[in-house]
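Colleague: Letter by letter, the chains look like this.
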Amino acid sequence: MTKRLDHLAERLEGDPYFLACLLRSYATSEGLSDAELAVALGCTVDTLKQAGLCRAPKESSFTRDVDVIAQRFGLQRAVLVEAVRRGQVLERLRGNQGRAAGTFMAARDGTPATEEEP
Amino acid sequence: MADTSLPTREQELALHRRLVEDDPTATADLFLAYLDYLADYLARCPGTTEDQCRDAAEDALLALVRVPTSYHAEKATLAAYLQMSAKFDLKNLLQKERKKTRKHVSVNLVEDSLAERNYSQSDPSVIVALREEADHARTVLLPSVTRGLTDIELRVLELMFDGEKKTVAFAKVMAIEHLPKDEQEVRVLRLKNKLKKRLERRRPHDETP
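These protein sequence lines are chains X and L, in that order. Numbering-wise (my numbering), the first sequence opens with residue 1 and increments by one. Numbering-wise (my numbering), the second sequence opens with residue 1 and increments by one.
Worth flagging that the hints you see were computed from the coordinates, not collected in a lab. Keep in mind it's a predicted model, so treat the numbers as computed, not measured. Take the hints with a grain of salt, since some may be wrong.
Have a look at the derived ranges for each label pair, beta carbon to beta carbon [what the hints assert, rightly or not]: (1) K172(L) x R77(X): 53 to 63 Å; (2) G31(X) x E74(L): 49 to 59 Å; (3) K166(L) x L93(X): 56 to 66 Å; (4) E82(X) x T69(L): 27 to 37 Å; (5) Q71(X) x A175(L): 41 to 51 Å; (6) R17(L) x E82(X): 27 to 37 Å; (7) T77(L) x T63(X): 31 to 41 Å; (8) A169(L) x S29(X): 50 to 60 Å; (9) P46(L) x E82(X): 42 to 52 Å; (10) A43(L) x S29(X): 21 to 31 Å; (11) R17(L) x L93(X): 31 to 41 Å; (12) E30(X) x K166(L): 57 to 67 Å.
Here are the simulated lysine-lysine pairs, BS3-like style, with alpha carbons at most 30 Å apart [as the list claims (entries may be wrong)]: (13) K165(L) x K75(L); (14) K96(L) x K3(X); (15) K100(L) x K3(X); (16) K96(L) x K181(L); (17) K75(L) x K99(L); (18) K99(L) x K3(X).
Cβ atoms here follow ideal geometry from the backbone N, Cα and C, with glycine treated the same way.
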């Protein structure tokens with residue numbers, strides 16, 4: 001990752017539209033460093049940051065989104081699911097549910113949840 | 001970043017399709033492919049800092065992620081579209097920072113538009129108007145203004161946003177350098193006025209991209 005991409009990744013940690021935000025929330029709640037989270041997900045820190053640039057999985061397409069992200073970056077699927085779920089809950093508790101903070105004015109809403117959750 | 005590292009036309013079309021289809025990994029690929037390229041491109045503008053160029057490049061990419069349908073593949077390459085979009089954001093950024101330091105704000109295209117309406121540029125309210133115009137241009141006008149424009153018109157619009165004043169630069173893009181200078185001036189002015197009127201017609205009540 002270049003310095004500029006690092007900066008963007010850090011910026012996206014404040015926006016629940018992106019996976020970076022959920023991963024940051026999860027890591028903080030678990031007291032994990034970037035390196036420790038990367039180990040848990042089975043990747044390098046660089047790959048972790050790149051994965052953070054993805055759109056966060058949506059309720060309406062959760063299984064598909066997690067599968068696509070895990071496969072693309074070679075992440076441990078089960079750990080990714082836990083990190084995303086925990087991150088979503090934490091963001092809801094912070095009052096960020098349904099709100100795209102910071103970067104976005106409005107995230108596109110998917111259709112009502114039709115996929116079964118894992 | 002060398003142009004050879006940019007996605008090919010096929011790759012950029014596929015990437016855009018993935019954005020529109022809401023592939024969760026498309027945003028990552030977009031940032032990885034274009035962030036450094038855009039920031040390097042903006043860094044060629046004199047008087048800008050690395051942070052300003054980086055922030056403007058980020059803003060342009062995030063705007064595309066927010067509304068992927070704002071890009072029309074038949075009109076320009078994705079790189080060209082992002083360049084124009086990033087320039088909007090850079091100008092916006094520079095305006096905000098100039099306002100902070102109380103320096104004179106100058107956005108040529110918007111200046112001309114306001115001058116035509118006899119606004120005084122020493123009036124502080126003009127600074128607010130300039131910022132609002134630039135914000136509006138960036139978020140609403142760009143996609144709707146560029147829709148339906150020919151390649152030449154797009155390139156002329158780009159020169160206008162760059163603040164280009166020289167007729168020879170416009171004549172080159174319009175491929176009319178072979179004409180007498182007074183004829184070049186007439187044609188350049190006619191096209192610039194057409195594009196300015198198009199911008200002015202796109203007010204907030206118009207369709208959003």
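Colleague: Now tell me, hint by hint, if it's right for this structure.
Modeller: Verification of the supplied hints:
1. Between K172(L) and R77(X), the C-beta spacing of about 55 Å keeps the proposed range 53 to 63 Å intact.
2. Checking the proposed 49 to 59 Å range against G31(X) and E74(L) shows it holds: the Cβ atoms sit about 51 Å from each other.
3. Taken as a hint, the range 56 to 66 Å holds for the pair K166(L) and L93(X), whose Cβ atoms sit roughly 58 Å apart.
4. Evaluation of the 27 to 37 Å hint for E82(X) and T69(L) yields a pass: the beta carbon distance comes to about 34 Å.
5. Remark: the range hint 41 to 51 Å for Q71(X) to A175(L) is upheld by a beta-carbon distance near 48 Å.
6. The hint said 27 to 37 Å for the Cβ distance between R17(L) and E82(X), and at roughly 31 Å that hint holds.
7. The given range of 31 to 41 Å is respected by T77(L) and T63(X), whose C-beta atoms sit roughly 35 Å from each other.
8. Taking the beta carbon of each, A169(L) and S29(X) are about 56 Å apart, inside 50 to 60 Å as hinted.
9. As the Cβ distance of P46(L) to E82(X) is approximately 50 Å, the hint placing it in 42 to 52 Å holds.
10. Take A43(L) and S29(X): their Cβ atoms lie about 39 Å apart, and the range 21 to 31 Å is violated.
11. A hinted range of 31 to 41 Å for the beta carbons of R17(L) and L93(X) is consistent with their spacing of about 36 Å.
12. Hint check: E30(X) to K166(L), Cβ distance near 60 Å, so the stated range 57 to 67 Å holds.
13. Only pairs whose Cα atoms come within 30 Å are accepted, and K165(L) paired with K75(L) is accepted, the gap being roughly 25 Å.
14. The hinted pair formed by K96(L) and K3(X) meets the criterion: a straight-line CA distance of about 25 Å does not exceed 30 Å.
15. The straight-line distance between the Cα atoms of K100(L) and K3(X) is roughly 27 Å, inside the 30 Å bound, and the hint therefore holds.
16. Annotation: proposed proximity of K96(L) to K181(L) is violated, straight-line Cα distance about 38 Å (limit 30 Å).
17. Between K75(L) and K99(L), the direct Cα distance comes to roughly 34 Å. Violation of the 30 Å bound is thereby established for this hinted pair.
18. For a cut-off of 30 Å, the pair hint linking K99(L) to K3(X) stands: about 28 Å separates their Cα positions.
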